[in-house]
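Asker: Protein chains in written order, with our numbering: chain A, 1 to 278; chain B, 1001 to 1474; chain C, 2001 to 2307.
One should not assume that every hint holds.
Here's a subset of chain B near chain C, in silico, CB distances under 8 Å, partners left out [stated by the list, open to error]:
#	residue
1	Glu1094
2	Thr1100
3	Ala1138
4	Pro1139
5	Gln1143
6	Ser1270
7	Pro1272
8	Thr1431
9	Ala1432
10	Asn1435
11	Ala1443
12	Asp1453
13	Ala1456
14	Tyr1459
15	Asp1460
16	Pro1467
Don't read these hints as lab results, they were simulated from the structure. As the structure is a prediction and not an experimental result, all values here were calculated from the model. In this text, a Cβ means the ideal position worked out from N, Cα and C, and glycines have one as well.
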Amino acid sequence: MNTVGYKIKKGILYLLLIILALLCLLPFLLMMINSTRSGVEITTGFTFIPSSHLKENWEQLFKFVNLFRGMGNSLLVAVPATILCGYFSSITAYALAMYKFKGNKLIFIVNVLFMMIPAQLSLIGFYNLCMTLGLVNSYIPLIIPAVAAPGTVFFLRQYVQATLSPALIEAARIDGAGELRIFHKIVFPIMIPGVATMSIGAFIGNWNNYLTPLILLNNPEKMTLPVMISTLNAATDLQSNQGAIYLGVAISVIPILISFCFFSKYIISSISAGGVKE
Amino acid sequence: MKLKKVVSALLVSTMLLSCVACGNNKNTDDANKDNNDTKTPNTEAADDNNTPDDSADATGDGKLVIWTLAADLEQFAEKYMESHDVEVETVVIEPANYPTKVQTALNGGQTEPDIIVGEPQMLEDFFDAGYFEDLNQAPYNAQDYADQIVDYVWEVGQDADGIQRAISYQITPAGFYYRRDIAQEVFGTEDPEEIGKLFKDYPTILETAKTLKDKGYRIFASDGELNFFSGNTAWVVDNKLTVSEQRYAYMDLCVELYKQDLTAYAAQWSTPWYQAMSGPVPVLTADSDVNVWDATEFASATEGGATTEIFAYGLPAWGVLTMRDNVGETSGKWGVCAGPTYGFSGGTYIGISSNSERKDTAWDFLKFCTLNEETADWWIEKSEGDTVSLLSALEKHKDDGNEVYGGQHLYSFWLEQAEGLDYSVVTRYDTAIGNAWSNAITAIKTDEKSKEDAIAGFYDEVEATYPELTIERE
Amino acid sequence: MAKNQVMTKSKQRNRNNVAYLFVLPFVVVFLIFSVYPVLRTLYLSFTSYKGFGDPVWLGLDNYKRVLTDKFFWRAFGNTLKIWGVNIIVQLGLAFLLTILFSDIKYKMRGLPIFRAIYYLPNLIACTSVAFLFKTLLDWKYGSVNQMLISAGITSTQINWLGDVNIAPYVISIVGAWMWFGNSFIVLMAGVQGISTDYFEAAAIDGCGRWTRFFKITIPLLKPILLYTCITSLIGGLQLFDLPYLMNGPQGGTAGQPNGVLQTAVMYLYKFGFETRQTGYASAIAYTLFIIILIVSIIQFKWLGKED
């Protein structure tokens, strides 16, 4: 089997895989490198050698916005939203999957319908609503809607059906456990891998969410990271130094990269599961 | 059957919910009696039960909230705070999203921001929607200040009925910023009057561009330098789409500049575009084999025609600020001259939100920014050359020389340009129609369509976007 | 006996009533934050609402206008074109990788690490991706052209985002770059679901690699492929961020050059937020939704038959 030809072929295949991997990493790398270069250097050419302007770019950027404040704000939104999304989606999914009750099917169908609606469609109505409820410039409309996440519910419903055996619940019932207790003590732990995977997705989504916070938040102190990044584009004095903008973008990506390092296994299993389910 | 019940139950509950929402809306409106009915503020704005005296500074908390488009107002706010016991909060929002944000906030009856602004093409919609307070009423009586401000600026701030609703602290007529040293070398003169002749109409600009290219320069860094001179005529007159001769001449020029490779093809506001202000930029053509990654090779190639210098930028008066930050070594070598038409762009027009509860403070701030000579003096110095709209300040500084421009007296130049402007040509349709027109230009210059087809396509696009306009094809 | 049964039944009913409690928070929030705004948009789509003032009822006028608006259909066509090329590249690449990693002869290693790296582009916000590629692909000053020219691959700069015949495909490919890792993971999971016994048995029977591929892999992956294609079509029809941010020179909804980058949702956005014809924008939104709905129904029917 292990002929020379075979080895060469295999080597070429690995090479191709690595090139593709580099293509995926390249923009990240360029971003990091460019954030250490000055605007002039960036226009005159392109290199993989970091330059010495990181400090300047940093100062210029932070003179304009406090990205760490934005990061804190983003966390303040993304963390509770993720927790709410995880918990309420799983309890809803569990109910939809395991109980027979009037409206079950309807909720499910409406849920699927809403996965198909362009997000821009409800923006105006959503804002009017927040106005009416006096929720503008508050994090509540960024957090509370996470309770109803159609995509997550859809996925977790499939997940429960696949992983949870009704016999287990029956057994718990015979032992006299209450329904809510059953959910907390038995069902939820079983669902954790699924919930975790969806939560990471939800976290990234919330972290990168741009349009809603942009429309809803008025106070600069409250702005989240993507909104801050977008204001960099409005700042003409920064435009002339792309290095500072690259630095801003790089800083905003770092938390995502770190969380990916820790949770990539979950993310991948979530996508895999999503595909196989159908 | 059961499903049906559930459906109806759901529907009923949603309807109830909408009703509750509507009800809420009314309640809040009732509660805020001194607030306008948010849905039709323009009809009620002038109602006497809503005079500023009633609602002005009802909060009395010594605060002021500003939503603005450019960072300038932030500096005005800081200055204001030095002498006033008011805490000003400034929010800078990028222009693309500014109207959406103001629209959603004011429609919902938000009492903040207190100060809102708009660029000219946004104002018509803002005025119609009733977002801007009527400044002609007491206690503002803005009409009393009319002769203190440059005419066109005053007009931009008026709604269709001639009511003053916004005032700008700056004028923004456009001109060409050109390199005196290159002018001297190529044309044998650097005098703004003379150079202005090189830009006097579209065919002449084309000739100028060719001359420059022959000498190894490019006339413009980008394709967009002519934007501000695309024709000082209205796109829409009496609800009818109008394409003037000027527009066609402009189209031809854009096509030729592109086809004959006469600009440096940087994207406007991109880094290379800024770089070209301070010196050579690489123009990589078919025959250039320079390795741009190698700094020394790059430098030595400068003589080989692989790089070029840019002759001119077409920018409004606030371009002075852009140049200020970017000219670097070329400072002192610049001049400013008139373009083929009068033109202007942008300008931050300040007004008071009709929902504001701090109208007195807001008006005081507005006056501070626009009608106060001390502020104007301070701003001229602070911004190193922005052009204010206050006539007395312009008069006072008319002999100020600007070092970047070899001591040229810019304020009198800009005032002259501003006086030539016909503001009535600006309409709310301009952005969309302008986009359609530049689509047509792109189609022609890339040989995708013939001129006739492209223009027909332009008419179709305008018709689809604004069915209410009368369109007569030629 | 009978009594006992009644007991269980009522118990069961009780139990099922608990489910209402479980779904209650979801339903309430859903009705308020999702259903209400969407219904309001539905109402607006029958009016001349401009973003302010009172909406005037127009009946079906807006819908008639959408159906006869050739620029809407052009935008729709653009969307399909960008999506079509995108999905071919994206799935093609994912498919090749899947075949490679599932090949029993080569037994490629390092699947977890490659998979993770290929997935990375999914993580960056679209704004950053667009900014990055717009800079890299700049006509005269972008690094990509600099690289191609230095390497002698091309002698003139390619106007990636300014040429009507290239720009849509550039968007497709940037999209494919962003999302192929995701497709790869889905397909790979599908293949891992196929027992290797099949392949080994087939190999023993003397079937070549390509026979195995066409007789085993493809048929077994068909449902997943279909699913991926169609869900991506639903997503593809909503394509907005990438072309919105990458069309030039300054972005926006015009879809420059010459409107070829204007997608259906960008067209919606133009009316909703740029020219303030909110009523018409709402009608566009619902027209799109109906199209997506039809596609989805076909999908469910189709997949239903497969099983």
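Asker: All hints, please: hold or fail.
Answerer: Hint by hint, here is what the structure shows:
Because the smallest distance between the Cβ of Glu1094/B and any Cβ of chain C comes to about 11 Å, over 8 Å, the interface hint for this residue is violated. Because the smallest distance between the Cβ of Thr1100/B and any Cβ of chain C comes to about 5 Å, under 8 Å, the interface hint for this residue holds. Below 8 Å, beta-carbon pairs count as interface contacts, and Ala1138/B has none with chain C, the closest being about 26 Å; its hint is therefore violated. The beta carbon of Pro1139/B comes no nearer than 27 Å to any beta carbon in chain C, farther than 8 Å, and the hint placing it at the interface is violated.
For the restraint placing Gln1143/B at the interface with chain C, the shortest Cβ-Cβ distance is roughly 26 Å, beyond the 8 Å limit, so the hint is violated. Below 8 Å, beta-carbon pairs count as interface contacts, and Ser1270/B has one with chain C at about 7 Å; its hint therefore holds. Taken as an interface hint, Pro1272/B checks out: its beta carbon lies about 4 Å from the nearest beta carbon of chain C, inside 8 Å. Because the closest C-beta pair between Thr1431/B and chain C is about 7 Å apart, less than 8 Å, the hint holds.
Interface hint status for Ala1432/B: upheld, as the beta-carbon distance to the closest one in chain C is roughly 5 Å, under 8 Å. With its C-beta approaching chain C no nearer than about 4 Å, Asn1435/B sits inside the 8 Å limit, and its interface hint holds. Hint status for Ala1443/B: holds, given a least beta-carbon distance of 5 Å to chain C, under 8 Å. Taken as an interface hint, Asp1453/B does not check out: its beta carbon lies about 11 Å from the nearest beta carbon of chain C, beyond 8 Å.
Given the 8 Å rule on beta carbons, the hint for Ala1456/B is violated: about 12 Å separates it from the nearest Cβ of chain C. A hinted interface residue such as Tyr1459/B counts as satisfied when its beta carbon comes closer than 8 Å to some beta carbon of chain C; here the least separation is about 12 Å, so the hint is violated. Given hint, Asp1460/B at the interface with chain C, holds; its Cβ is 7 Å from that chain's nearest Cβ, closer than 8 Å. The beta carbon of Pro1467/B is positioned within 8 Å of a beta carbon in chain C (closest approach about 7 Å), and the interface hint is therefore held.
Comparing the model with each numbered hint stated earlier shows that hints 1, 3, 4, 5, 12, 13, 14 do not hold.
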